[in-house]
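K.L.:
Here is how the chains run, residue by residue.
Protein chains: 6
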Amino acid sequence: MHLTDLAWPRVDAMSRDIPVIVPVAAMEQHGHHLPLFTDSMLLREVVRRVSGTLGDRALFTPLLWIGNSDHHLDFPGTLSAPPRTYLDLLNGIAENLLQHGFKRLVFLNGHGGNEVPGRQAVFELRQRHRQRTDLLLLFATYWSLGTGSGPAADLGTEQTEMGHACEWETSMILRLAPHLVAPHQNISPVPPGNPFQPASRGWTTRDRSAPGHIGSPHLATVEKGERLFQKFAQEATAFLERVITWDGRSWNG
Amino acid sequence: MHLTDLAWPRVDAMSRDIPVIVPVAAMEQHGHHLPLFTDSMLLREVVRRVSGTLGDRALFTPLLWIGNSDHHLDFPGTLSAPPRTYLDLLNGIAENLLQHGFKRLVFLNGHGGNEVPGRQAVFELRQRHRQRTDLLLLFATYWSLGTGSGPAADLGTEQTEMGHACEWETSMILRLAPHLVAPHQNISPVPPGNPFQPASRGWTTRDRSAPGHIGSPHLATVEKGERLFQKFAQEATAFLERVITWDGRSWNG
Amino acid sequence: MHLTDLAWPRVDAMSRDIPVIVPVAAMEQHGHHLPLFTDSMLLREVVRRVSGTLGDRALFTPLLWIGNSDHHLDFPGTLSAPPRTYLDLLNGIAENLLQHGFKRLVFLNGHGGNEVPGRQAVFELRQRHRQRTDLLLLFATYWSLGTGSGPAADLGTEQTEMGHACEWETSMILRLAPHLVAPHQNISPVPPGNPFQPASRGWTTRDRSAPGHIGSPHLATVEKGERLFQKFAQEATAFLERVITWDGRSWNG
Amino acid sequence: MHLTDLAWPRVDAMSRDIPVIVPVAAMEQHGHHLPLFTDSMLLREVVRRVSGTLGDRALFTPLLWIGNSDHHLDFPGTLSAPPRTYLDLLNGIAENLLQHGFKRLVFLNGHGGNEVPGRQAVFELRQRHRQRTDLLLLFATYWSLGTGSGPAADLGTEQTEMGHACEWETSMILRLAPHLVAPHQNISPVPPGNPFQPASRGWTTRDRSAPGHIGSPHLATVEKGERLFQKFAQEATAFLERVITWDGRSWNG
Amino acid sequence: MHLTDLAWPRVDAMSRDIPVIVPVAAMEQHGHHLPLFTDSMLLREVVRRVSGTLGDRALFTPLLWIGNSDHHLDFPGTLSAPPRTYLDLLNGIAENLLQHGFKRLVFLNGHGGNEVPGRQAVFELRQRHRQRTDLLLLFATYWSLGTGSGPAADLGTEQTEMGHACEWETSMILRLAPHLVAPHQNISPVPPGNPFQPASRGWTTRDRSAPGHIGSPHLATVEKGERLFQKFAQEATAFLERVITWDGRSWNG
Amino acid sequence: MHLTDLAWPRVDAMSRDIPVIVPVAAMEQHGHHLPLFTDSMLLREVVRRVSGTLGDRALFTPLLWIGNSDHHLDFPGTLSAPPRTYLDLLNGIAENLLQHGFKRLVFLNGHGGNEVPGRQAVFELRQRHRQRTDLLLLFATYWSLGTGSGPAADLGTEQTEMGHACEWETSMILRLAPHLVAPHQNISPVPPGNPFQPASRGWTTRDRSAPGHIGSPHLATVEKGERLFQKFAQEATAFLERVITWDGRSWNG
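Protein chains in written order, with the working numbering: chain A, 1 to 253; chain B, 1 to 253; chain C, 1 to 253; chain D, 1 to 253; chain E, 1 to 253; chain F, 1 to 253.
Think of the hints as simulated: they come from the structure by calculation, not from any bench.
Wrong hints could be hidden among the right ones.
When chains are identical, the list treats them as one kind, so a pair holds in a single copy or across two.
[Stated by the list, open to error] No farther apart than 20 Å at their CA atoms in a straight line, the calculated lysine to aspartate or glutamate pairs in the DMTMM-like style are these:
{"id": "1", "residue 1": "Lys103", "residue 2": "Asp74"}
{"id": "2", "residue 1": "Lys103", "residue 2": "Glu223"}
{"id": "3", "residue 1": "Lys103", "residue 2": "Asp207"}
{"id": "4", "residue 1": "Lys103", "residue 2": "Glu241"}
In isolation and in its complexed conformation, chain A is listed as follows (with noise of 0.2 Å):
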């Protein structure tokens, strides 16, 4: 269900545990190859999936865009919240629902770099209202939540983990809009990985990519994009489904 579409009344009658899921992506650059809009496009993707199973079991809020991006700045177009703003406007979202009554709040995020600030966020929030015990506050991101560790061998992918206008994006966006991607069967792959691993290390894309993408765009088929959206759409619903079954008070629910 869709809050865009409907009157307030509408929301009024509503029950107040119906999950509401705030998508949170970005407009960022994503190489030579794919459009500034990736993030939020393979999102709101996810979204219509997740969405249309759900039905009115779940109220889902229009897609943020605006994300917390400024490591891409020196790549003209790209749009960022700056970091204490979009701090500040993840929590003023939620601050909205939790004053019209809701109680299940999901970031469902699409943007890496939204992450750690999301996370913030949420932490922020719990410690502001914390005489509350019916509050259930996630933030999530849609290529996470996955159960096992790993990649899923049947997805035929090389790449087992989320890159940046990668063979995943690209192979997704090749699926939602093929005639928004540049010629990638010849870009060369950018290498993930932070040598200072698992250390969490200061960057700008910069640092790693002069082209601006990470991992290996030149894999990606039209085909591994269907069966990613798939899985990521599968994987969203299950997690949301949790949501909906919490028990509205413990930890465990």
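Given chain A, work out where chains B, C, D, E and F should sit, using these hints.
P.N.:
Here is chains B, C, D, E and F on its own, set in the frame of chain A:
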């Protein structure tokens, strides 16, 4: 031209004299009969028409649907950036565009509540970049861009100015998405106006309207909707033509 | 009645239905011929006349001479609160008055640059106290309180709206403090207007006027000054009478 | 010399070695017998005398009557900038003056509650401009500028330090505006002093004084008032002479 | 090498290629059986061992014991920087070190609650200094620096990841300060885990544990404590060796 | 009693009338001859002596070594919280303690640069909790707690007030850690004093001292160090006894 669809090298190759238009609207209650996304839907349609006309001579960012709507927060479903966060967000997006080298920025607005913070934001922005002489920083509301004052007689509307979920907005949503409009013919009008005008008065929507609309939704028709879209698209196009033909330096252009 | 002159027990004993007026102006360049304190001097005179008429029916705080004047900072002598500080300051003063129990607050403004932040401040204030139904929070500029639109023909001025260090302001300072007016008869007029109107445009004064004034100071006379003061004082008085007679609850009062 | 009266070209032509004095005071309760504007009235009088003596060798801005007075807010009529806003405001005004090229800034203070934030502000200011070697940034309270410590025996006062609405302040208001002083001869003294001195203690006025004064207003006379004004004006003048004759570079001047 | 013990000329003479390590921990409840300073004591011991090994090749600042512990504030004795203040503090300390010319900064962390804000801080820091190509900005948690994933079988612990006041932490405090450990053998374990993993969930400690610990303190022994210290010191040393041998420019070092 | 060593149930069982002392110092340059940690080492020693005397009648938090030291940042090795962050941090720690129910808070200070922000913080804190009548919020500097003014003749020191890395501090570090003191006998004294006293003046250390010290380190001896510690510990103990015996309600206690 839509920034969403471009890869960054295409932006990099672009003349920085092109105007960049940031559509800003809202996600807020629109009475018993219109959907929460009304302002964003209407501006999206205006942008669709205007961008079609201007083609490659103007660059549109995605529409920022989160606006300054705290005054509607008593009506469930409204989402709003906190007032200072909204200022920060507009400033932040504009700073991104300046960092990319663009010089002509237009916030094209579709929500009355964004006007004051939008004007505050362009003021702050100009002061921070006060040594620049090549900037054109504008905030413009789509229904206020007519050169004459007062209503255009040939529109056939009774209202002579924008309300909220009113004759005008209801007509336009009827034109765009009639399936999202609840029966509106018997809704009682709520008179607009602030008895302390021309003073600015702090208000929340509940001060003025229990159902949430201001104006005369019962007068709406699909034909009025189309005429309004034509008028607003034409006026916005003419306005942006002035931005395109600005000489790039002087006050008068 | 002036708050400055009272001891606190007198305020404590007062009805909290009395309007409290906070005069806000500026300290900024006014061209080659007028003193930096022009806006504050003019508003002080308007307040002097209005408070004399209203007597004990309205309570005036001291005039806040520091305003939102960053756009004039290229001209030495201008003093200005940074934009966000000005918002905080107006909010802070209003919160003081609410804490003391007053319900009808009027910022009476004498500087164009204060209008947007002043409106932003009353918006923020109303939202923070959104559960109250007994508040009247207003921001009003003294030269905009006439009920009709356009110039009053009998004033004999050529300008039909306020400029800056213009025919109107120069005339009024001539009436108040002619010894502070440098020769103005041969100053060339600077046309007002923003060619991108009705859009709001970010500007600094240097964008528009090398000498600092906007309008036609050469047309100023002491007689016009007195007529303007009479008109503005009368209009402000009438406006405050409406505040005094507000019913204390409803939107329409 | 008063900045209020000058047009900007006059300021532009000025030597930037002239000290600029920003008088800062307050608008706060002063017991049952003195007006709310007491601190500002007293400092205004000191400034009047000092500026008369110094003539063109010092430039005075208008007096900032809004101070750091939150500790008096339980007494109606008190107006106060919130603590951080007050810091921002002092910083902002000083930045304006530095932007105009002035190098010797003196906040001349007339309210005890401004001392800590005033010192914090000049600290912050110096750190932000730490590479400069030509700045003299001072915060000085008018009643603390005597070179000796303790009371001057020839003043004939019993109090040896400033209180609040006390012998000293009441005497000076008696000298300035006796019609604003309520009968004070029978007011019981409130002893000054913090039993945890020399530690700094967080307090509100209600902690210390139900009527609002601290000290001995019953001892006030108009003659003491004149003697205090003479002493304070003389000391402030001598202090500003040291600022004027500073060598412009070294610590010791 | 410890910064605490040096005089500034010694720092001034140092190569700025030396890594500077800022140990960050916490002061928060650790169940019924461990002292509030647990996290800081443990990290202090790790630092003691690591700094002894590295000698003059690494520079350690004092340990910042105030951390991001708001989620523990329902348990008396917990001290915590507010979330945004903690971000500001980490940013501020890093800015100090950059101002002194250091290029390799490592926040070495000993508290789970610091991870998200620590990563946010290094992100913000890198963006502010985005033009620099010689910086290595890291945030690393001492118990997560092993190259393999999962538990080291030869440690003999049952827990395979860090809890809170758990088998691991209790063992280490037993090794360091057994007199500060209350009887722990009969404490019931509290299972770790967030049933909505891998989503991030806002929580306070009370959501998960009435006594305050998470994990299995009853399994703790002093021998396990020593083995854990050896492992963690060795891993942190190896990690810092990689920082020392970084080539100073490239991503891969 | 040291908070570090307690488990939370012990704190929970404690009387909330016990004073909580938060030692605050600094990490900043102390000339060519003293270590960067000087202020923290000295305060730690004072606390060690005082806490030993007071036993269970006072509760000490760990020492906050990061202080307000931006004025020393030109000397490498100095670490400092940005000015506003330091205010936020002191406020935050105090709020933690109030949340835990404590009512008597003492910031015990060992760095001159903390005095103004410390006083600002307790001011802000008191105002936020202005309805409370049971709070005692203090900020006290350990070398200023003597009841008499001026030097104690029997100390045998030449300096009569605290400098920086001076006779007093050098003597005390000699007493504590002679191996950390570089040869000091031939260091030239740097006279203290601000020629614009009693005005507060914005300064950085470089304005006043190239080597970094202020005062007369060449006069230091280990015997003076011990005498100073005894004096300061005794005075701080006596001061805290007054806090302990405060009646819990009234101003005078």
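K.L.:
Next step is simple, just say for each hint if it's right about the structure.
P.N.:
Evaluation of the provided hints:
In this assembly of identical chains, the alpha carbons of Lys103 and Asp74 lie at most 20 Å apart only when taken from different copies (17 Å versus 39 Å within one copy). Proximity of Lys103 to Glu223 under the C-alpha cut-off of 20 Å is found in neither arrangement, the shortest distances being 38 Å within a copy and 42 Å between copies. In this homomeric assembly, Lys103 and Asp207 come within 20 Å of each other (Cα to Cα) only across copies, at 15 Å, whereas the closest approach inside a single copy is 41 Å. Taking identical chains as interchangeable, the C-alpha atoms of Lys103 and Glu241 lie at most 20 Å apart only when both belong to the same chain, with a minimum of 15 Å there against 47 Å between chains.
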